[in-house]
Amino acid sequence: MLAKPIITLTTDFGLKDPFVGLVKGVILSINPEAEIIDITHNISQHNIFEASQIISMSCRYFPPTTIHVVVVDPGVGGGRRPLLVITEDYYFIGPDNGLFTPIYEEFQSSFFKVMHLTASHYFLPMNGSTFHGRDVFAPAAAWLSKGIDVFKFGEQITDYVTIPSIKATIKGDIVNGNVISIDIFGNAVTNITTKILAKLTPDIEKSRYRVKYKGAELPLVNYYADSSAFGNGLSAVINSFGHLEIFFYKENAASKYNVNIGDSVEVALI
Amino acid sequence: MLAKPIITLTTDFGLKDPFVGLVKGVILSINPEAEIIDITHNISQHNIFEASQIISMSCRYFPPTTIHVVVVDPGVGGGRRPLLVITEDYYFIGPDNGLFTPIYEEFQSSFFKVMHLTASHYFLPMNGSTFHGRDVFAPAAAWLSKGIDVFKFGEQITDYVTIPSIKATIKGDIVNGNVISIDIFGNAVTNITTKILAKLTPDIEKSRYRVKYKGAELPLVNYYADSSAFGNGLSAVINSFGHLEIFFYKENAASKYNVNIGDSVEVALI
Amino acid sequence: MLAKPIITLTTDFGLKDPFVGLVKGVILSINPEAEIIDITHNISQHNIFEASQIISMSCRYFPPTTIHVVVVDPGVGGGRRPLLVITEDYYFIGPDNGLFTPIYEEFQSSFFKVMHLTASHYFLPMNGSTFHGRDVFAPAAAWLSKGIDVFKFGEQITDYVTIPSIKATIKGDIVNGNVISIDIFGNAVTNITTKILAKLTPDIEKSRYRVKYKGAELPLVNYYADSSAFGNGLSAVINSFGHLEIFFYKENAASKYNVNIGDSVEVALI
Numbered sequence: 019m020l021a022k023p024i025i026t027l028t029t030d031f032g033l034k035d036p037f038v039g040l041v042k043g044v045i046l047s048i049n050p051e052a053e054i055i056d057i058t059h060n061i062s063q064h065n066i067f068e069a070s071q072i073i074s075m076s077c078r079y080f081p082p083t084t085i086h087v088v089v090v091d092p093g094v095g096g097g098r099r100p101l102l103v104i105t106e107d108y109y110f111i112g113p114d115n116g117l118f119t120p121i122y123e124e125f126q127s128s129f130f131k132v133m134h135l136t137a138s139h140y141f142l143p144m145n146g147s148t149f150h151g152r153d154v155f156a157p158a159a160a161w162l163s164k165g166i167d168v169f170k171f172g173e174q175i176t177d178y179v180t181i182p183s184i185k186a187t188i189k190g191d192i193v194n195g196n197v198i199s200i201d202i203f204g205n206a207v208t209n210i211t212t213k214i215l216a217k218l219t220p221d222i223e224k225s226r227y228r229v230k231y232k233g234a235e236l237p238l239v240n241y242y243a244d245s246s247a248f249g250n251g252l253s254a255v256i257n258s259f260g261h262l263e264i265f266f267y268k269e270n271a272a273s274k275y276n277v278n279i280g281d282s283v284e285v286a287l288i
Numbered sequence: 019m020l021a022k023p024i025i026t027l028t029t030d031f032g033l034k035d036p037f038v039g040l041v042k043g044v045i046l047s048i049n050p051e052a053e054i055i056d057i058t059h060n061i062s063q064h065n066i067f068e069a070s071q072i073i074s075m076s077c078r079y080f081p082p083t084t085i086h087v088v089v090v091d092p093g094v095g096g097g098r099r100p101l102l103v104i105t106e107d108y109y110f111i112g113p114d115n116g117l118f119t120p121i122y123e124e125f126q127s128s129f130f131k132v133m134h135l136t137a138s139h140y141f142l143p144m145n146g147s148t149f150h151g152r153d154v155f156a157p158a159a160a161w162l163s164k165g166i167d168v169f170k171f172g173e174q175i176t177d178y179v180t181i182p183s184i185k186a187t188i189k190g191d192i193v194n195g196n197v198i199s200i201d202i203f204g205n206a207v208t209n210i211t212t213k214i215l216a217k218l219t220p221d222i223e224k225s226r227y228r229v230k231y232k233g234a235e236l237p238l239v240n241y242y243a244d245s246s247a248f249g250n251g252l253s254a255v256i257n258s259f260g261h262l263e264i265f266f267y268k269e270n271a272a273s274k275y276n277v278n279i280g281d282s283v284e285v286a287l288i
Numbered sequence: 019m020l021a022k023p024i025i026t027l028t029t030d031f032g033l034k035d036p037f038v039g040l041v042k043g044v045i046l047s048i049n050p051e052a053e054i055i056d057i058t059h060n061i062s063q064h065n066i067f068e069a070s071q072i073i074s075m076s077c078r079y080f081p082p083t084t085i086h087v088v089v090v091d092p093g094v095g096g097g098r099r100p101l102l103v104i105t106e107d108y109y110f111i112g113p114d115n116g117l118f119t120p121i122y123e124e125f126q127s128s129f130f131k132v133m134h135l136t137a138s139h140y141f142l143p144m145n146g147s148t149f150h151g152r153d154v155f156a157p158a159a160a161w162l163s164k165g166i167d168v169f170k171f172g173e174q175i176t177d178y179v180t181i182p183s184i185k186a187t188i189k190g191d192i193v194n195g196n197v198i199s200i201d202i203f204g205n206a207v208t209n210i211t212t213k214i215l216a217k218l219t220p221d222i223e224k225s226r227y228r229v230k231y232k233g234a235e236l237p238l239v240n241y242y243a244d245s246s247a248f249g250n251g252l253s254a255v256i257n258s259f260g261h262l263e264i265f266f267y268k269e270n271a272a273s274k275y276n277v278n279i280g281d282s283v284e285v286a287l288i
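Protein chains in written order, with my numbering: chain U, 19 to 288; chain H, 19 to 288; chain C, 19 to 288.
One or more of the hints may lead you astray.
A pair holds if it fits inside one copy or across any two, identical chains being indistinguishable in the list.
Calculated pairs, DSSO-like style, for lysine-lysine (alpha carbon to alpha carbon, straight line, at most 30 Å) [as the list claims (entries may be wrong)]:
no.	residue 1	residue 2
1	K34	K230
2	K170	K268
3	K185	K232
4	K189	K34
In case anyone wonders, no lab produced these hints; they're calculated from the structure.
As the structure is a prediction and not an experimental result, all values here were calculated from the model.
Can you build the whole structure from these sequences, using the hints too?
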């Protein structure tokens, strides 16, 4: 563990209620040395897929041994299991409802393990069934950050829940993908990545592409403001996460052009 | 005081303006060791009752000696007094407008004291009258967190302001209560608590109850997803704060069923 | 540098996406000792003027050597330069698009310097052009907070970009100003400051003023609740930043009276 262990929080709790503050109070009551960082608390309510995308794109920007707590948990209090996922660099704590699916796919190694959290002496005493973020996941993360051995938290399992992943596909010279998220600026992020484009061509940067969306061809530019060279219409860019993104310079592409999650996008080599 | 003293913030400042950031800047300028935790900054504007409920349900999840700063302060700059409330485990700092009413009720002990903050050398020099969160409450909390004796901040008072509390009442075998808050998920929290139910029956968990809301009977379930066994309509649960809560699984009960703060709820022993 | 160096963040990133969390992850990966404080992430999107006002009114409430990172950056990835601005007490890091204009005006001294950040070994390796907050500004701030000499980050420049400032003007005994921002309470802050009023009269506090807005005369009161003595209509107050502010006690003046940024306000000596 780090001298100042880092615990991140990703939830659908919002910022109106005191829920996030209480999670932090519980963590600091157990480990005053923990550094707690909010990734976001504005996941769409009960949206497990969205949370899975966010944690997958975010986790690598934190130092090794960071503990990522993710709570989007419509099944709270029922039979779904609380989990601790261990990868080479990170720990993940949250409910067994599929929100770690991309973690299971991307972080396989000899270190990979999924534990069912059963050691309830590491939880708060529970008076109700609606807030395991505070009563189960927060204290488990805090005790883990103090260096408690992972095997003390429960039993290893292999039948953890997964959700279907939405991957781009390749047919000949064409990649077919979808919009998977829309950010607060109205930019539409797709699942077409530089990794997939690399399967089309050995030299991504020197190749030229045709991007098609809703029947129209979009210019693929190098940076947002660059779209002015093409008349500033709907454009595409490879964003800083390595994903193809559809945007409209300084405006909200999603609301202006009715771009929605799930929309098809096509990229072809020219 | 803790090695890393904790100061929490509960306000109606919102997160658009820099107000919260400035409060933190002032605290850290005085005590760089302070750990500052946001409980919420989205209290409804000027809503003293709401703030009083939030701090009362939140304060116990922080370690002893935590300093809770609460600023919902429509009277800022006028005659209302700035206060420091001392209880066995916590400190509370904020304006004397009733927002600490539940603290006065729940934390009586030989440690209980209310001080009128008058030692203005612990405040920032003031150029205006509109931001005592930054100029009075933040520096007082920061100096307190450095271990300044509480008696140096002002004089003890006993005529502090209170607001009416909204308590559930018992008549025979029936508890009458009200919705006192609605969370961001649309769940409606009532003032009917396990503490009150314990006055109806010696064994809360084994007893059976009838919950009535707007003329209809609601199933009382063990956890949110459990309401599917009853057709997933409007349901009730004892939440993790020990309060009866009305909810609709995975949907917004408050907007779907027009649930409002103040609505009557009845619980009867069967 | 401080033992616990402070880095503040002011952006238009919002709190829905993980952008702010990633900026913090990058900073802590480089300097685990950094204390990161959010000023706000809700600057109106792409609004450079608003960001410039916010950082100018906020920066002084943090301890000397604080590093203020400001990212409102529609030109990200293009030709605009990343900057490090050095003043007697603070560092400022962000894009060269004018958002530091008030800093250039107010913090001139023998310490004042503007550096073009060119030492890319202090940046993250870049896979895209859309997120320099994470890839350029965050790591530069983190390395600076570790004590790296400012001259190692790039070259000094003098042709930095500025935006027009909107200053109040004096004609005879009358100050003409404008609404420059509206806070979350609906209070309208003007650019008429105590500094400007001091040019009208040697004794600001004892002088009497007439405030005119939209043809009507507004009472100038000492604190918000004081406006009840004048019938609680639209009123003016000198706020805690030393600016004349138009408000309506406990209500949203901006929406109730259609107050907008840019509106004219006049103050005259009586």
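Now for the hints, and whether the structure bears them out:
{"no.": "1", "hint": "K34 x K230", "verdict": "between (40 Å within a copy, 28 Å between copies)"}
{"no.": "2", "hint": "K170 x K268", "verdict": "neither (51 Å within a copy, 33 Å between copies)"}
{"no.": "3", "hint": "K185 x K232", "verdict": "within (19 Å within a copy, 48 Å between copies)"}
{"no.": "4", "hint": "K189 x K34", "verdict": "neither (47 Å within a copy, 35 Å between copies)"}
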